[in-house]
Amino acid sequence: MRAFFAPWVSARMYAQLAYLALAFPLGLAYFVFLVTGILVGVGLVVVGVGVPILLGMLLSWRALGGFERLLQRRLLDVEIDEPLTPIRGEGSLWHRTKLLLTDAVTWRTLLWLLVRFPAGIFVFVVLVTFLATSGALIGLGVGAILDLDFAEWAEVFDENHFLDSIDERFALPAGLLLLAVQPHIVRGLAWIHVVVGTALLGPSSSAREQALQARTTVLEERTKLAHELHDAVGHTVTLMTVQAGAGRKVFDSDPDFARGTLETIEVSGRRALAELDHILGLLREGEGGGSAPPAGLDRLPDLVREVGDAGLVATLEVTGERRPLSQGLDNSAYRIVQEALTNVLKHASAAPTTIRIDYQTDALVIDVTDEGRSTDLAPADRAGQGLIGIRERAAVFGADVDLGPRPEGGYGVRVRFPDR
Amino acid sequence: MNLKLLLADDDAMVRAGLRAVLNSEHDLEVIGEAADGSDAVALAAELSPDVVVMDIRMPTMDGLAATEQIVSGGDAAPRVLVLTTFELDEYVFEALRVGASGFLLKRASPEDLVEAVRVIASGDSLLFPPVMRRLVAEYTAAGEQADRLRSNIEFLTDRERQVLRLVARGKSNREIADELFIGHETAKSHVGSVLTKLGVHGRTQAVIAAYESGFVRTGEG
Numbered sequence: 001m002r003a004f005f006a007p008w009v010s011a012r013m014y015a016q017l018a019y020l021a022l023a024f025p026l027g028l029a030y031f032v033f034l035v036t037g038i039l040v041g042v043g044l045v046v047v048g049v050g051v052p053i054l055l056g057m058l059l060s061w062r063a064l065g066g067f068e069r070l071l072q073r074r075l076l077d078v079e080i081d082e083p084l085t086p087i088r089g090e091g092s093l094w095h096r097t098k099l100l101l102t103d104a105v106t107w108r109t110l111l112w113l114l115v116r117f118p119a120g121i122f123v124f125v126v127l128v129t130f131l132a133t134s135g136a137l138i139g140l141g142v143g144a145i146l147d148l149d150f151a152e153w154a155e156v157f158d159e160n161h162f163l164d165s166i167d168e169r170f171a172l173p174a175g176l177l178l179l180a181v182q183p184h185i186v187r188g189l190a191w192i193h194v195v196v197g198t199a200l201l202g203p204s205s206s207a208r209e210q211a212l213q214a215r216t217t218v219l220e221e222r223t224k225l226a227h228e229l230h231d232a233v234g235h236t237v238t239l240m241t242v243q244a245g246a247g248r249k250v251f252d253s254d255p256d257f258a259r260g261t262l263e264t265i266e267v268s269g270r271r272a273l274a275e276l277d278h279i280l281g282l283l284r285e286g287e288g289g290g291s292a293p294p295a296g297l298d299r300l301p302d303l304v305r306e307v308g309d310a311g312l313v314a315t316l317e318v319t320g321e322r323r324p325l326s327q328g329l330d331n332s333a334y335r336i337v338q339e340a341l342t343n344v345l346k347h348a349s350a351a352p353t354t355i356r357i358d359y360q361t362d363a364l365v366i367d368v369t370d371e372g373r374s375t376d377l378a379p380a381d382r383a384g385q386g387l388i389g390i391r392e393r394a395a396v397f398g399a400d401v402d403l404g405p406r407p408e409g410g411y412g413v414r415v416r417f418p419d420r
Numbered sequence: 001m002n003l004k005l006l007l008a009d010d011d012a013m014v015r016a017g018l019r020a021v022l023n024s025e026h027d028l029e030v031i032g033e034a035a036d037g038s039d040a041v042a043l044a045a046e047l048s049p050d051v052v053v054m055d056i057r058m059p060t061m062d063g064l065a066a067t068e069q070i071v072s073g074g075d076a077a078p079r080v081l082v083l084t085t086f087e088l089d090e091y092v093f094e095a096l097r098v099g100a101s102g103f104l105l106k107r108a109s110p111e112d113l114v115e116a117v118r119v120i121a122s123g124d125s126l127l128f129p130p131v132m133r134r135l136v137a138e139y140t141a142a143g144e145q146a147d148r149l150r151s152n153i154e155f156l157t158d159r160e161r162q163v164l165r166l167v168a169r170g171k172s173n174r175e176i177a178d179e180l181f182i183g184h185e186t187a188k189s190h191v192g193s194v195l196t197k198l199g200v201h202g203r204t205q206a207v208i209a210a211y212e213s214g215f216v217r218t219g220e221g
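Residue numbers (the working numbering), protein chains in the order written: chain A, 1 to 420; chain B, 1 to 221.
Okay, chain A solo, but in the shape it has when bound:
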């Protein structure tokens, strides 16, 4: 008997009951709001006002979807993920609208909100019928035991003489049985809402898979970078260790050699730091999601200061009339300068370097030239990852790239972004 009524003291059952009790009023409200709003919007499309109304409706029902997920999480105790295209995001209004319109979750949410109305009616009828019937039966049974007369009440509330047709001896057990069954009905109805709700309000499995795939790619990329860091910096630091050990050992017997080792250690340390900066920069880029916009040409003075700390004297010259650039181009131009400076640090023993940014009428020209002794550098040495990166970035914008030793000495990186 106790086990039979145990569900009635479970907090979870009451949460489910609360969810179901809200089903009818919410369903009704959604239905009225959506049908009115959408019909008005569609009707006014020809006048033009309809478009913003429809857009507003779109955003509202996605927001209601969020509220519905919250309800399910709180009252039905279900794990339900947010969809992958949030209402608020980056990009223009048109871009985001397009994203929302092409996202299946948007339409599944609308379906869910509309279905909530008939489902609410059903839930309401089932719950009220069960509660009323069990209440009436228990009342009848108790009344019979206490010998009360319900005749007058029954005239009003039981026009069909349903209660008359029941044997009074069975009324109380039947009522208690119905009462005991009630939580199971509640649980069943809640279960249906959970199953359908998760399917309609959550991200689809293919979207989930895509997100997982993207995450895996990012992780793989990071592992690769970590290996790169370990290899490059590890090799350089090993060299420094060997040289330092040798320098210490021959400090007195061969001071000239010892002095040479110090120079090697200094240059190698610089190279290791540049390598670290470079790879850390790649990692930061990979993190994304940061609130700060990607770096652009306006950050060049900071960059010049940073490489200055690493021992590279760089001069920045900006000519032509400065104009705003697209974010992508601005960032790529900045990265190219960064790569070029990293290469000077790595390969040209931090020779003094000039950065020229020329805003021409039909193009943006970037030129980074160092005064290094390019003669003693094998071309293969300069064809490192950085230069490949520069070519790739430039190719995206259809820019011309000119890399190589300069006739007047040193090594130059020149990229010309045409205006489109």
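Rather than coming from a laboratory, the hints here were simulated on the basis of the structure.
The model shown is predicted, which means the values in this text are computed figures rather than measured ones.
Glycine residues also receive a C-beta, built at the ideal position from the N, C-alpha and C atoms.
Possibly wrong hints are sitting among the right ones.
Reference excerpt, derived from the structure (chain A facing chain B, CB under 7 Å, subset only) [what the hints assert, rightly or not]:
(1) THR223
(2) HIS227
(3) THR238
(4) LEU239
(5) VAL242
(6) GLN243
(7) GLY245
(8) ALA246
(9) LYS249
(10) VAL250
(11) SER253
(12) PHE257
One-sided and incomplete, this derived list gives chain B residues near chain A with beta-carbon spacing under 10 Å [stated by the list, open to error]:
(13) ASP11
(14) GLY17
(15) LEU18
(16) ALA20
(17) ASN23
(18) GLU25
(19) LEU105
(20) PRO110
Start from chain A and add chain B according to the hints.
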């Protein structure tokens, strides 16, 4: 008599550092430098050094292939000390298996490097026995070699088996002599005949053979 050394590393700066360290010892002399494996093989044949200090990762021919060729010259062949930039990995073990006598991390101190060269040149004991045995135990796979090695071990006398066990535990000739109550020279000649009967180049390879044949098991000793 000075020990004659050959350096093989693709980084000239690393070679310069190693050369300075080794030449600063009165009994060591660097007689040649090679920038890759094939140079090392050629110079080893030409100069017949006592020890080759060999980087594993080098262009054209890596340190593994070069080690294998250098030690194939028989008893008179130079011994090889393998240098590695990073951790002790399967490359290091592979180098030992093909005939290197020992290994050292490049970041080891100059004193350790000098010590390692001397130990390897003498051949009297294993270089860093505990680390070496852990490495061997970790990477040894009882493979197709096992049967051949087992039949080689069949030929060992009881005394020689005792000696092999002690070698595998990292004991030097002196320690073996003390443990078995025999003379130093006797111990040395026992070790020599074990190496000959097993057909291996040095005691490092004897340890590997002992593990690979199952004569000594991982965790034993």
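Grab the minimum C-beta distance from HIS227/A to chain B and call the hint holds if it beats 7 Å, violated otherwise. This hint is violated: HIS227/A lies away from chain B, its Cβ roughly 11 Å from the closest one there, beyond 7 Å.
Does the closest beta carbon of chain B sit nearer than 7 Å to the beta carbon of LYS249/A?
holds (4 Å)
Does THR223/A pass the interface hint, meaning its C-beta sits closer than 7 Å to a C-beta of chain B?
Violated. Min distance 16 Å.
Classify the hint on GLN243/A as holds or violated, based on whether any CB of chain B lies nearer than 7 Å to its CB.
-> holds (5 Å)
Checking hints one by one. Is SER253/A an interface residue toward chain B, by the C-beta closer than 7 Å rule?
holds (6 Å)
Practice task
Could you check if ASP11/B really has its C-beta closer than 10 Å to a C-beta on chain A?
Solution key: holds (6 Å)
Exercise for review: So, PRO110/B near chain A? Judge it on the closest CB pair being under 10 Å.
Suggested key: Holds, about 4 Å.
Does PHE257/A meet its interface restraint, that is, does its C-beta lie within less than 7 Å of any C-beta in chain B? Interface hint status for PHE257/A: holds (5 Å vs cutoff 7 Å).
key: Interface hint for LEU239/A, Cβ within 7 Å of any Cβ on chain B   = holds (5 Å)
Status of the ASN23/B interface restraint (C-beta, 10 Å, chain A)
holds (8 Å)
Exercise. Would you settle whether the hint for VAL242/A is holds or violated, based on the nearest Cβ-Cβ distance to chain B being less than 7 Å?
Key: holds (4 Å)
Item checked: Interface hint for GLY17/B, Cβ within 10 Å of any Cβ on chain A -> Constraint on GLY17/B satisfied, holds at 4 Å.
The structure does not agree with the numbered hints 1, 2 stated previously, though it agrees with the rest.
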